[in-house]
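A.B. asks: Residues per chain, in single letters:
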Amino acid sequence: MSDDVDATGEALSDSLAAVRDREPLVQQLTNEVTKNDLANVTLGWGAIPVMADAPGEAPEMAELADAVLLNTGRMTDSNVEALHAAGKRANELGVPVVLDPVGAGTTPTREEVHASLLEKVEFAAIKGNYGEVTHLAGADADVKGVESIGEYEEIAESALALAETTGAAVVASGAEDIVAGPDRVYRVSAGHEMLTTIIGTGCMLGSTLAAFAGSLEDDLAAAVHGTLAYGLAGERATDLEYNGPASYRVNFLDSIAGLTPDVATGLETMDRLERLH
Amino acid sequence: MSDDVDATGEALSDSLAAVRDREPLVQQLTNEVTKNDLANVTLGWGAIPVMADAPGEAPEMAELADAVLLNTGRMTDSNVEALHAAGKRANELGVPVVLDPVGAGTTPTREEVHASLLEKVEFAAIKGNYGEVTHLAGADADVKGVESIGEYEEIAESALALAETTGAAVVASGAEDIVAGPDRVYRVSAGHEMLTTIIGTGCMLGSTLAAFAGSLEDDLAAAVHGTLAYGLAGERATDLEYNGPASYRVNFLDSIAGLTPDVATGLETMDRLERLH
Amino acid sequence: MSDDVDATGEALSDSLAAVRDREPLVQQLTNEVTKNDLANVTLGWGAIPVMADAPGEAPEMAELADAVLLNTGRMTDSNVEALHAAGKRANELGVPVVLDPVGAGTTPTREEVHASLLEKVEFAAIKGNYGEVTHLAGADADVKGVESIGEYEEIAESALALAETTGAAVVASGAEDIVAGPDRVYRVSAGHEMLTTIIGTGCMLGSTLAAFAGSLEDDLAAAVHGTLAYGLAGERATDLEYNGPASYRVNFLDSIAGLTPDVATGLETMDRLERLH
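Protein chains in written order, with the working numbering: chain A, 368 to 644; chain B, 368 to 644; chain C, 368 to 644.
This is chain A alone, in the form it adopts within the complex:
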């Protein structure tokens, strides 16, 4: 059993520095709604985004990538084919793959695509909202559109179950984020409710996790630190003036770039992480 994840500001700083030093090429197959945001978030952490998602080219780019994000927001045949092709090639080469199962549980099409991806691709991390994670774990969940509704007391157990089944680090994002590895579960207490007022914040967390997965050896530590850094950036975004969702979003993207290793070193973050199991 591995050591517990270190949640000191120094440890977080080291992870942030690892991303900036490694400058991982993060290939992101994602939906058209948030492509621009995801690319900017990736740059903000110090990684290099590339969004190549044509079915023919996706596996070629996966050969160059340090991490691959599979966001299932768009269900066209072309996108689904590219998700499989890139995931397969990345697995062959040992490149970590992150899954963001957007809207899992809403339509039969998504049901089939997510089941197929989970069967054929091995993931370093899987990130969903409570509803999506609950659905993938096999429990019942109520998902409206791609937004998750309601609270799930059992979310820690669902995340753990999904981590056990898949071997991935599982991040269930919600009011409090749950991060599970196959043998443990953490609660990450960071973030801000304004993140729920703008589109794509879930997708942006997926990009964040891919940037961290492409820079760190330990998948679970990468998931915890990525989730923690993301939430802290969301909080720190309120240090600047904002008048609603759009100006908060500008602050948030600035805040990601501003959460440098130097800044992180000085943060008191120990109480943000609690081990549940």
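In case anyone wonders, no lab produced these hints; they're calculated from the structure. Keep in mind that the hints are not guaranteed to be accurate.
Identical copies carry no separate label here, and so any pair may be met within one copy or between two of them.
[What the hints assert, rightly or not] Under the rule of at most 25 Å between Cα atoms (straight-line distance), these lysine to any residue pairs were calculated in the SDA-like manner:
#, residue 1, residue 2
1, Lys487, Asp629
2, Lys455, Glu486
3, Lys487, Gly423
4, Lys487, Leu431
5, Lys455, Glu531
6, Lys487, Pro549
7, Lys455, Thr476
Fit chains B and C to the known structure of chain A by using the hints.
C.D. replies: For chains B and C alone, coordinates are given in the frame of chain A:
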């Protein structure tokens, strides 16, 4: 013949509250240029966006939706197939469908697609700029790209004609917005010229109308109140500092979220609505 | 041999005024990551964007366009087919075509698509980063994802070689921008390092060049003035407060719209342009 639309601040407030209470799931098949904006606008009004537009999945998502927006900005085969599939399924289920016929009158391809959609799908509302509405109504119009050029004195008559033919509430957006039902025409005096300096404001009005159509019983009242609320948000965006189109856009998106039912109650809006016929 | 490009503020002002007077319709076939930005940049210069990129419709829209931008960011079959169809039709009609060869040199797919476009379409301008231009010119280049890495001392020679081979004005963007015609090379010293912190600034320069190419007779002067105006807007964006990449981006888009002919007249820009060969 129905009653006149009530344009008091209280009536507008009630409509805004209806959107927030209903939290309609608004499925939006739209172009890639403005997908992110449309999703954020929808959230801003308190509705829930879902942009699922793969041909196979679009009708599945229409079964879950409270309103469907068909924006014809992108003319790929996949998009056109999805527009028809979602529109058909929504019609079968009685889910209101809003049409935004982007660039109607520019190319033969758009001519054919718009004619086909008007023939096969029944719309609760149709929104275009002066040129697009004039074109769909059968009159000559001069459209450059997807921007409408020139003034059309006959726009009220064109909107009325299109409303009569289709049964839809028709919104012709321009310096002054015209909203027509089959038996009447209103002028809505709200908005700001800065809205013409940013991309996608027409598309964002389409999303707005879909959110209102998914929350209110009366299609014409939904179109009038959606148009009015949108224009007021555009005006109120100038209350905050801006230095050009991009900062105005941030203000505008903030302003949509800030036009709460409480705020609307206090507004003097009676003189914003004039019945022309 | 033509006269040297005039880099006075008055000359730049004349070019900016030409764009605003002509209001060229700029058709842009581009990637999904930056579509919204490109459309807003185009509007900012006073041109009219249209992003029609379905294979069937693309050549129809090219018939209406004053300039066509072919950005190769997305390599789906549909996009590649549309790039060829629009480029061919624009060539037939004498509409200037601008190429932005995104990620040239990264994957076999891109290799093939760029070679094919260069063989079959005639370009008024080609814009890439140092790595992309070097690659297209036939020299070795190191490109990571779609970001160019490292410095290339030979970039002026590569740009000149590519201009000679293709007849296009070639813009190699980097710390200093190089603009080459078939018989000369300029260095344009304008821009700001913050431009490297946001996604799509290279693509936005491509849109800028297309707007200028659609408004001016001389392809080389259009490329020089477009590049200079773009860099100046990037510098002037720092006159307003910003806290990171996202707020800088808002400033930058505002700054483009704010670089009016009147403003440009008063600028000392002579020392921004140096002829190298």
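A.B. asks: For every hint, state whether the structure bears it out.
C.D. replies: Evaluated hints:
| no. | hint | in the structure |
| --- | --- | --- |
| 1 | Lys487 - Asp629 | neither (40 Å within a copy, 51 Å between copies) |
| 2 | Lys455 - Glu486 | within (11 Å within a copy, 34 Å between copies) |
| 3 | Lys487 - Gly423 | both (18 Å within a copy, 22 Å between copies) |
| 4 | Lys487 - Leu431 | within (21 Å within a copy, 29 Å between copies) |
| 5 | Lys455 - Glu531 | within (21 Å within a copy, 42 Å between copies) |
| 6 | Lys487 - Pro549 | within (19 Å within a copy, 52 Å between copies) |
| 7 | Lys455 - Thr476 | both (20 Å within a copy, 18 Å between copies) |
Checked against the numbered hints above, the structure breaks only hint 1 and satisfies the rest.
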